[in-house]
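Given the coordinates of chain A, work out where chain B with the ligands should sit on it, guided by the hints.
Top line first, the protein sequences correspond to chains A and B. Here the first sequence stands for residues 1 to 373, numbered as in this note's numbering. Here the second sequence stands for residues 1 to 276, numbered as in this note's numbering.
The hints are simulated quantities; they were obtained by calculation from the structure and are not laboratory data. Treat each hint with caution, since some may be false.
Taking lysine-lysine and the BS3-like style, the derived pairs with C-alpha atoms no more than 30 Å apart in a straight line are [unchecked claim]:
#1 K84(B) <-> K137(B)
#2 K259(B) <-> K165(A)
#3 K259(B) <-> K144(B)
#4 K259(B) <-> K197(B)
#5 K84(B) <-> K245(B)
#6 K84(B) <-> K144(B)
#7 K144(B) <-> K125(A)
#8 K84(B) <-> K197(B)
#9 K137(B) <-> K125(A)
#10 K245(B) <-> K119(B)
#11 K245(B) <-> K165(A)
#12 K125(A) <-> K201(A)
If we take Cβ atoms under 10 Å as the criterion, some of the chain A residues that face chain B in the derived model are [what the hints assert, rightly or not]:
#13 F155
#14 L235
#15 S252
#16 A254
Just so you know, these numbers come straight off a predicted model, no measurement behind them. All residues carry an ideal CB built from backbone N, CA and C; glycine is no exception.
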Amino acid sequence: MDDTPRTPGISRLLGVLPGTGRSALAAFGLVAFVLLPGLHLFTSGKSPLHVSDYVITVGGKVMCYAIVAVAMDLAWGYGGILSLGHGLFFALGGYAFGMYLMRSIGRDGVYQSDLPDFMVFLDWKELPWYWRGSDHVLWALALVVLVPVAIAFAFGFFAFRSRIKGVYFSIITQALTYAAMLLFFRNETGFGGNNGFTDFKRILGFPITAPATRVALFMLTAATLAAALLIGRSLVTSKFGRVLAAIRDAESRAMFLGYDPLWYKLFVWTFSAVLTAVAGALFVPQVGIINPSEMSPASSIEIAIWVAVGGRGTLVGAVVGAVLVNLAKSWFTMAFPEFWLFFLGLLFIVVTLLLPEGVVGLWRRLLRGRAPA
Amino acid sequence: MSPVRAPPPLHPDFHPEASIDAAGPGKLDPSHRVILYLEDITVSFDGFRALDRLTLYIDVGELRCIIGPNGAGKTTMMDVITGKTRPDSGTAFFGQTVDLTRMSEPEIARAGIGRKFQKPTVFERHTVFENLELAMKADKRARKTLFATLGDEARDRIADTLRLVRLASEAGRAAGLLSHGQKQWLEIGMLLVQEPKLLLLDEPVAGMTDEETDRTAELIVSLAGEHSLVVVEHDMAFVAQLGGKVTVLHEGSVLAEGKLESVQNDPRVVEVYLGR
Ligand SMILES: Nc1ncnc2c1ncn2[C@@H]1O[C@H](COP(=O)(O)OP(=O)(O)O)[C@@H](O)[C@H]1O
Ligand SMILES: [Mg+2]
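Next comes chain A alone, as it looks inside the complex (with noise of 0.2 Å):
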């Protein structure tokens, strides 16, 4: 935290960044929207500068999870709400934008019929209610905004009303996740059972893997994973945020100032879970398939781990987390598939005990220590 009081004001967006933070931004804009995209549309594939459809899906996942990992430290780092189901979130956003995609296979599906294939294997002859509208793309947006409000605010209002706090909120969500993700299991839910949806063929009617489509995608995701760093960076740093991060340590003294926990702890919450769901809808044109393992309790520890490994109650920190662990992840699920869960709970193990403050603590110690005195 600065050290100097400062007046904040939404409307600043940019003037809440420090000079660092400005220029990290503006590296990021370079190469998410001009060197990435640029050597993946404008070199030929046998160029030593091209860059690769397996990079570009990559980069384009990984900063879906970093949205996710922002969206997590704005609750837990801040508001110290540490939420196990956040893959609820994800999924209910990939999901809901899952629909449409659906519908926009049209009828060049296996079964060449006007529903999603999996309704057909059913045997089900019309979409059921919920379904209805999903062919319109803004119905889907409004959707990946409103289903995970309206879930968010109900369970955040009874539960911070009841003043649950701490490892029982972090449970009853990890429950919340696990019921959901039971849920869509059933094939009769109507979200594709166990495989969920994939098999998509255009958004918006241009092809789905398109190198162009996909630097589309590429590009809004990186416009919002700087919006949600944008918008977190001066939610933080605003009097909202101060009064945030006093409940968080001495919730009592707060609320003997006037300070109501229930509205700023309901609004933190339910922004989260919003962000965390807007990752999730751009995740799965990305990726190309959205299924119940997303909600799965192991995927929403992660994400809490993500935070964790890079430093909660920073930001940038849970991007970097987000980022380092994937990674890992990656190299990992390759070289050793069995081991990657013993790794990552090692490495929540390490963190925890010598980096409670993350890698970004951690860099942050280092420049103190190299700092002339």
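Chain B with the ligands in isolation, oriented as in the chain A frame:
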């Protein structure tokens, strides 16, 4: 929000029904000399009575000291007044119209009751300045703080308070780095910028040096009149410095009340508390 009901009017000045029209429910109406009515308050923890039919009145502008041995129920009394603990029975009114037993902690704080904890409690990771900023009287609803900015008047107020509590040179430091006595002062400063009408101070000079204690006494005395204060304290010398009326609490109810000298000479008080 504070629904109003009529408790048995034990105190001759307590007429809630008569005042609701004038002030409106939930609005402080101290028009009858008394700002705080505690009547027949009982609080039990697993059958143990921490407060036992406690009855106590604080006048507008009064400075009251509450003394009593450890476990007498002093902190529990403050918990009841501030909404942290619900009494099993009894009534607690702030002025004529504000029923404290039906309000949440933040509602009570907004109604004008400020509290300093026994153990100094500040926001350790926030700067001293930010601690005062957060404490300052303002609209404290979440949606208002999203876009709130700190005006010049508020900054001046914070600067004045920083000088008053001698923390001007520490404004940019994290509050967790302050000494124990400085934290006590910061919390008093937070209480002041909150602008409460009634201040509850739970052992405000614990851990302070003699010099700090003297200055705290001066500050508290200067606040009386404008504010009503309830000070819980063990230190007799400090209580004597404050002057004012003294209430002795023992096993959850009032044992004696009056001037310090008369209380100190009360044989029952000597027996349970001062005589040891
Ligand atoms: N939350 C609680 N649960 C059980 N017992 C409590 C609780 N709070 C206070 N007590 C008991 O009530 C009595 C009064 O405590 P307290 O109000 O803290 O006394 P004082 O502040 O006068 O020292 C003590 O015996 C204490 O152990
Ligand atoms: Mg006490």
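Hint by hint, here is what the structure shows:
{"no.": "1", "hint": "K84(B) <-> K137(B)", "result": "holds, 21 Å"}
{"no.": "2", "hint": "K259(B) <-> K165(A)", "result": "violated, 46 Å"}
{"no.": "3", "hint": "K259(B) <-> K144(B)", "result": "violated, 46 Å"}
{"no.": "4", "hint": "K259(B) <-> K197(B)", "result": "holds, 24 Å"}
{"no.": "5", "hint": "K84(B) <-> K245(B)", "result": "holds, 26 Å"}
{"no.": "6", "hint": "K84(B) <-> K144(B)", "result": "holds, 25 Å"}
{"no.": "7", "hint": "K144(B) <-> K125(A)", "result": "violated, 51 Å"}
{"no.": "8", "hint": "K84(B) <-> K197(B)", "result": "holds, 19 Å"}
{"no.": "9", "hint": "K137(B) <-> K125(A)", "result": "violated, 62 Å"}
{"no.": "10", "hint": "K245(B) <-> K119(B)", "result": "holds, 24 Å"}
{"no.": "11", "hint": "K245(B) <-> K165(A)", "result": "violated, 42 Å"}
{"no.": "12", "hint": "K125(A) <-> K201(A)", "result": "holds, 22 Å"}
{"no.": "13", "hint": "F155", "result": "violated, 18 Å"}
{"no.": "14", "hint": "L235", "result": "holds, 8 Å"}
{"no.": "15", "hint": "S252", "result": "holds, 7 Å"}
{"no.": "16", "hint": "A254", "result": "holds, 8 Å"}
Hint violations for this structure: numbers 2, 3, 7, 9, 11, 13, all remaining hints satisfied.
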